[in-house]
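Residue numbers (the working numbering), protein chains in the order written: chain G, 1 to 152; chain Z, 1 to 152; chain X, 1 to 114; chain A, 1 to 114.
There may be inaccurate statements among the hints.
[What the hints assert, rightly or not] With a straight-line Cα cutoff of 30 Å, these simulated DSSO-like cross-link-like pairs (lysine-lysine) come out:
1) X/Lys68 / X/Lys88
2) Z/Lys130 / A/Lys88
3) A/Lys68 / A/Lys88
4) G/Lys130 / X/Lys88
[As the list claims (entries may be wrong)] In silico negatives: residues of chain Z with every beta carbon more than 12 Å from chain A:
5) Gly38
6) Val49
7) Glu69
8) Ala78
9) Arg81
10) Gly116
11) Phe117
12) Pro120
13) Ser133
14) Ala139
15) Ala146
16) Ser147
Just so you know, the hints here were simulated from the structure itself, not pulled from any lab data.
Beta carbons are placed, not taken as given, at the ideal position from N, Cα and C, and that holds for glycine.
Below are the chains, spelled out letter by letter.
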Amino acid sequence: MTTDLKPTGGITLAIPAQPEYLSLVRAVVAAAAALDPGLGDARIEDLRVAVSEATTNAIEAHANLGSEERITIRCDLADDRIEVEVQDHAATGFDPGDLESPAPLDTPGRLDYEGGFGIPLMRVLADEMKIRSLDHGTAVQLVVYASPTAKD
Amino acid sequence: MTTDLKPTGGITLAIPAQPEYLSLVRAVVAAAAALDPGLGDARIEDLRVAVSEATTNAIEAHANLGSEERITIRCDLADDRIEVEVQDHAATGFDPGDLESPAPLDTPGRLDYEGGFGIPLMRVLADEMKIRSLDHGTAVQLVVYASPTAKD
Amino acid sequence: MLLTVRISQSGSWTILSVHGEIDMATCPQLRQEIVAQISGGNTHLVIDLGGVEFIDSTGLGVLIGGLKRARSQGGDLRVSRVGDRLEKMFALTGLGDVLAVVDLADPEQAQGAA
Amino acid sequence: MLLTVRISQSGSWTILSVHGEIDMATCPQLRQEIVAQISGGNTHLVIDLGGVEFIDSTGLGVLIGGLKRARSQGGDLRVSRVGDRLEKMFALTGLGDVLAVVDLADPEQAQGAA
Ligand SMILES: Nc1ncnc2c1ncn2[C@@H]1O[C@H](COP(=O)(O)OP(=O)(O)O)[C@@H](O)[C@H]1O
Ligand SMILES: Nc1ncnc2c1ncn2[C@@H]1O[C@H](COP(=O)(O)OP(=O)(O)O)[C@@H](O)[C@H]1O
Numbered sequence: 001m002t003t004d005l006k007p008t009g010g011i012t013l014a015i016p017a018q019p020e021y022l023s024l025v026r027a028v029v030a031a032a033a034a035l036d037p038g039l040g041d042a043r044i045e046d047l048r049v050a051v052s053e054a055t056t057n058a059i060e061a062h063a064n065l066g067s068e069e070r071i072t073i074r075c076d077l078a079d080d081r082i083e084v085e086v087q088d089h090a091a092t093g094f095d096p097g098d099l100e101s102p103a104p105l106d107t108p109g110r111l112d113y114e115g116g117f118g119i120p121l122m123r124v125l126a127d128e129m130k131i132r133s134l135d136h137g138t139a140v141q142l143v144v145y146a147s148p149t150a151k152d
Numbered sequence: 001m002t003t004d005l006k007p008t009g010g011i012t013l014a015i016p017a018q019p020e021y022l023s024l025v026r027a028v029v030a031a032a033a034a035l036d037p038g039l040g041d042a043r044i045e046d047l048r049v050a051v052s053e054a055t056t057n058a059i060e061a062h063a064n065l066g067s068e069e070r071i072t073i074r075c076d077l078a079d080d081r082i083e084v085e086v087q088d089h090a091a092t093g094f095d096p097g098d099l100e101s102p103a104p105l106d107t108p109g110r111l112d113y114e115g116g117f118g119i120p121l122m123r124v125l126a127d128e129m130k131i132r133s134l135d136h137g138t139a140v141q142l143v144v145y146a147s148p149t150a151k152d
Numbered sequence: 001m002l003l004t005v006r007i008s009q010s011g012s013w014t015i016l017s018v019h020g021e022i023d024m025a026t027c028p029q030l031r032q033e034i035v036a037q038i039s040g041g042n043t044h045l046v047i048d049l050g051g052v053e054f055i056d057s058t059g060l061g062v063l064i065g066g067l068k069r070a071r072s073q074g075g076d077l078r079v080s081r082v083g084d085r086l087e088k089m090f091a092l093t094g095l096g097d098v099l100a101v102v103d104l105a106d107p108e109q110a111q112g113a114a
Numbered sequence: 001m002l003l004t005v006r007i008s009q010s011g012s013w014t015i016l017s018v019h020g021e022i023d024m025a026t027c028p029q030l031r032q033e034i035v036a037q038i039s040g041g042n043t044h045l046v047i048d049l050g051g052v053e054f055i056d057s058t059g060l061g062v063l064i065g066g067l068k069r070a071r072s073q074g075g076d077l078r079v080s081r082v083g084d085r086l087e088k089m090f091a092l093t094g095l096g097d098v099l100a101v102v103d104l105a106d107p108e109q110a111q112g113a114a
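The whole structure should be built from the sequences, with the hints applied where relevant.
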């Protein structure tokens, strides 16, 4: 159980694993990102969506396991970037390695399946995206840079 | 050090003890309160101000002691009320008992002093307000009820 | 944080005007409304997104599901008043290639993909 | 989350039009601006609060400090365009009893306490 709030410089938010809290998570991300004057509105929106996707997956994983633990969202503001990590406590055995080459979104017939957009969207919306398996669940790290980067 | 996030049903937010984060705290309180359909806009505003006051005092106390620890804000939503607790990690020796009878705000000459509005405002804006001394600092609990109460 | 869905008619098209954010918390409501309309025989739907500032993949999934269901009943599902953010989401997911954007006044006339 | 303060003139009164939230993070900026005006000889100030949706006790303290400083120099500090929330804060703290609310067009004419 690593829900401890480490005394770093960042913001940590812990929420019950319920969909009702998604709008709150987005509000926190927007408010945190607004503290970084280098981040434009469009990039804040990108980050808001990416974090919402990661949190949605975490909520789903908790629901599948019936886990009552909370989900933690950590935001770290640095001069040149904002870094958000979503950590769940649902040890589903999910292996992010299996997702290394997801079907591109424009594959014919792709839309026959209603799901599976979350991780690809996080990948394109964030400048960096990493999924790590933890003993107790999954950690998704999303980074958005303040200055324009290769990713427009 | 009790910054642990207990797996309760509530929201916990931890922030660096810096004034820049006050607007984020207010955004979280507003977003949390918005999850409670029984709370009107005016009461949400009351709570937002009260929590802002408590967090301001916590930031001041940390600054006075040079404490690098974070401040935690816990929001618990119940059917009939929202409860917020602001906990700091600045053991200043502050004794809330000394404040039991603050000078009323309309005392003549009261305005000669620019400060000292925070705790009286919390008292009138929240339906309940309790200050507890902890080993490591101070905890301020603020409760606002969803249904209209004696406090309009 | 509820979604509101207002129903109106434009010729043979049923318009669902959505207000709010479409995410995992609110999408069951939209899905139910779409299913109810199609089950009730209104197979030609326009989702008016003018009041929607946020949609995520869960919300996009509901639109895809509605599109498939409408088409399977000989109808269609189109969208209208798509803002910049939603347009970006449609473009990134390829959903824009299959979902026609229409004018609320004339849903028959597709203005091109989202 | 910065405050913006726009300076203009109305007769012998200097108007500081504030936009943003006045709290511990932003009030040093407002305090500095008030002090600078008074030091520069503009002792008759109107704080236009039309763009302020939030003020807390720290912000109220800045207004009290400004009021005292202006009066000590033979001037005054008044407020204008006070919204419902700010009016409530003024009422609860008693600040409304000492701070005159004026019309921006005629700061001389106090409309009564906040
Ligand atoms: N935090 C997580 N914990 C467990 N499994 C996850 C997590 N995130 C993603 N997954 C797995 O990866 C799959 C793909 O996720 P995603 O691309 O977001 O699409 P969707 O959630 O719609 O299936 C999910 O269906 C789930 O099986
Ligand atoms: N969290 C806290 N930790 C330590 N001291 C506190 C705390 N909150 C309030 N105090 C003390 O109580 C006093 C009164 O607080 P308040 O009414 O908010 O007015 P002000 O902060 O303007 O002095 C403060 O000056 C401070 O000494």
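Structure-based check of each hint:
1. X/Lys68 / X/Lys88: Roughly 22 Å separates the two Cα atoms, so the pair holds.
2. Z/Lys130 / A/Lys88: Distance ~22 Å between Z/Lys130 and A/Lys88 Cα, so the pair holds.
3. A/Lys68 / A/Lys88: Satisfied, since the Cα-Cα distance of roughly 22 Å is no more than 30 Å.
4. G/Lys130 / X/Lys88: holds, 22 Å
5. Gly38: Holds, because the least Cβ-Cβ distance between Z/Gly38 and chain A comes to about 20 Å, which exceeds 12 Å.
6. Val49: violated, 6 Å
7. Glu69: holds, 18 Å
8. Ala78: holds, 26 Å
9. Arg81: holds, 21 Å
10. Gly116: violated, 8 Å
11. Phe117: violated, 4 Å
12. Pro120: violated, 8 Å
13. Ser133: holds, 21 Å
14. Ala139: holds, 19 Å
15. Ala146: Since the minimum Cβ distance to chain A is about 20 Å, Z/Ala146 lies beyond 12 Å and the statement holds.
16. Ser147: holds, 20 Å
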